[in-house]
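Participant: My request is simple: use the sequences and hints to build the entire structure.
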Amino acid sequence: MNSPLPSTRSIGLPIGLLAELTHRCPLACPYCSNPVALEGRDTELSTDDWKRVFSEAAKLGILQVHLSGGEPAARRDLVDLVAHCASVGLYTNLITSGIGVTEELIHQLFDAGLDHIQLSIQDADADSADKIAGYKGAFKKKQLVAGWIKANGFPLTVNAVMHRVNITRSAAMVELAMLLGASRVEIAHTQYYGWALPNRSALMPSRAATEKAVADVDALRKRHAGAIVIDLVIPDYHATYPKACMGGWAKQFINVTPSGKVLPCHASETIPDLEFWNVKVHNLSDIWHRSPAFNAYRGTAWMAEPCRSCDRRDVDFGGCRCQAFALTGDASATDPACFKSPHHVLMKDIAAAESSDGADTYIYRR
Amino acid sequence: MTDEVQTALPSVPKFPRGVRLKHDEARQEWVLLAPERLIKCDPIAAAVLQLCDGQRTMLEIVDILAEQYKADKLLISRDVFVLLKGLADKKMVQM
Chain A
6 MNSPLPSTRS
16 IGLPIGLLAE
26 LTHRCPLACP
36 YCSNPVALEG
46 RDTELSTDDW
56 KRVFSEAAKL
66 GILQVHLSGG
76 EPAARRDLVD
86 LVAHCASVGL
96 YTNLITSGIG
106 VTEELIHQLF
116 DAGLDHIQLS
126 IQDADADSAD
136 KIAGYKGAFK
146 KKQLVAGWIK
156 ANGFPLTVNA
166 VMHRVNITRS
176 AAMVELAMLL
186 GASRVEIAHT
196 QYYGWALPNR
206 SALMPSRAAT
216 EKAVADVDAL
226 RKRHAGAIVI
236 DLVIPDYHAT
246 YPKACMGGWA
256 KQFINVTPSG
266 KVLPCHASET
276 IPDLEFWNVK
286 VHNLSDIWHR
296 SPAFNAYRGT
306 AWMAEPCRSC
316 DRRDVDFGGC
326 RCQAFALTGD
336 ASATDPACFK
346 SPHHVLMKDI
356 AAAESSDGAD
366 TYIYRR
Chain Y
78 MTDEVQTALP
88 SVPKFPRGVR
98 LKHDEARQEW
108 VLLAPERLIK
118 CDPIAAAVLQ
128 LCDGQRTMLE
138 IVDILAEQYK
148 ADKLLISRDV
158 FVLLKGLADK
168 KMVQM
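In order, the protein sequences belong to chains A and Y. Per this note's numbering, the first sequence runs over residues 6 to 371. Per this note's numbering, the second sequence runs over residues 78 to 172.
No lab work stands behind these hints, which were simulated from the structure alone. Relax, there's no trap hidden among the hints.
The calculated label-pair distances, taken between Cβ atoms and stated as ranges, are:
1. A:Asp319 <-> Y:Gln105: 21 to 29 Å
2. A:Gly152 <-> Y:Thr79: 38 to 46 Å
3. A:Asp116 <-> Y:Gln145: 32 to 40 Å
4. A:Ser92 <-> Y:Lys147: 38 to 46 Å
5. A:Lys64 <-> Y:Ile121: 22 to 30 Å
6. Y:Leu151 <-> A:Asp54: 50 to 58 Å
7. Y:Met172 <-> A:Asp335: 48 to 56 Å
8. A:Asp116 <-> Y:Arg133: 23 to 31 Å
9. A:Ser290 <-> Y:Arg94: 24 to 32 Å
10. A:Leu184 <-> Y:Arg104: 37 to 45 Å
Below, simulated SDA-like cross-link-like pairs (lysine to any residue); rule was C-alpha separation at most 20 Å, straight line:
11. A:Lys256 <-> Y:Lys117
12. Y:Lys99 <-> A:Val93
13. A:Lys227 <-> Y:Lys162
14. Y:Lys168 <-> A:Glu180
15. Y:Lys117 <-> A:Ile16
16. A:Lys266 <-> A:Lys285
17. A:Lys248 <-> A:Arg318
18. Y:Lys91 <-> Y:Cys118
19. Y:Lys99 <-> A:Ala88
20. Y:Lys99 <-> A:Gly66
21. A:Lys136 <-> A:Thr366
22. Y:Lys167 <-> A:Leu237
23. Y:Lys99 <-> A:Glu61
24. A:Lys64 <-> Y:Arg104
25. A:Lys353 <-> A:Asp335
26. Y:Lys99 <-> A:Ala91
27. Y:Lys147 <-> Y:Ala122
28. A:Lys64 <-> Y:His100
29. A:Lys145 <-> A:Leu110
30. A:Lys256 <-> Y:Arg114
31. Y:Lys167 <-> A:Val222
32. Y:Lys117 <-> A:Gln257
33. Y:Lys168 <-> A:Arg226
34. A:Lys345 <-> A:Glu310
35. A:Lys56 <-> A:Asp85
36. A:Lys285 <-> A:Asp54
37. A:Lys56 <-> A:Ala91
38. A:Lys248 <-> A:Met308
39. Y:Lys168 <-> A:Ile235
40. Y:Lys168 <-> A:Asn157
Note that the Cβ used here is the ideal one computed from N, Cα and C, for glycine as well.
Facilitator: Okay, here's the thing in structure tokens:
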């Protein structure tokens, strides 16, 4: 970087930490946000390593920890890790597929102090859900797990990733979430990173279907206000403005991979030449303040036009660096989701072509 | 006092599972933590929410605050009601 590092004082403190406890997962969803090169079991951090990371996180100012994966229940020390987070005052959210989760585990997690559970569901149609997950019986198992979650007194969020095959059932997903007793549902339009990028042409929905899905969910949000909170992850290939990715690069969030690499976002390893530091070598506070990857796109000094003089530069922070790199080859370019990007037309053309004439088979995540 | 406020006074406000009030040592402020949500409390909200222990009624909370701030109970009860009702609508408080 040519620009000087921001002074420590101008860097805020992070509020959330996504802990990818493992990349192991029984499901094979083609839009998985994990990297295409998965980290193996033999590289995973130990229980003591994770506990130290969580202690450092609490001290640094992290308030909420999201225990994710892969499937976090594949870690035998999950209950122990939750108890440790609770003991240092961290709010804990488990992000699970439900597969490999037992009623006994849910009970133990409650006693350990887990605050909230997010359960993924692949579709409102059982056969289609199992096909997307690449796992027969997944849909049925998830209904069971949702029942255990509610019976043990947990608040439940249902996460549904939407794409070409299930997008017409967006409203049905909200209704299914309500039926399962969820207090919150995330209708998350696929983001094309990780496994979703090579699968993009099999996942991309048409603009018309996307607009209808967004309108349907908006109507349900009004109808069910007070009964369920509906959050939407925007379909940005069909957007006019980019999303404020991660609330700004290295501004609010930290991602730790199974092997201990610390990333500004889960997809940032797709950007070449970024230097990531590891929790086995550096303290989390040092990594947040001083590591090259975190300082690479922090703030606005790195921006080129049209971002640099744009009055939305502090609103959306130029959008997503990983998407800018994936579509333009330049990670400091304006996110092509923005109508001001010279590559915006390219993005629209990709979306139009792939949604009408795309692949009909998935490359499953394995 | 409106009927709505009057009716709410005997209720016992509490945080449901998944919602926690916490003093954020790093930033020296009170925050309310919920699923994928974080609300920074202003000093008034912090004072009210610290009294929501799952035991006290809204009336008892109003009495304590009126004494503490030497303020009018009607005004306090309206402020407390507006705060708690707003959080209840977001499922961050049970009343």
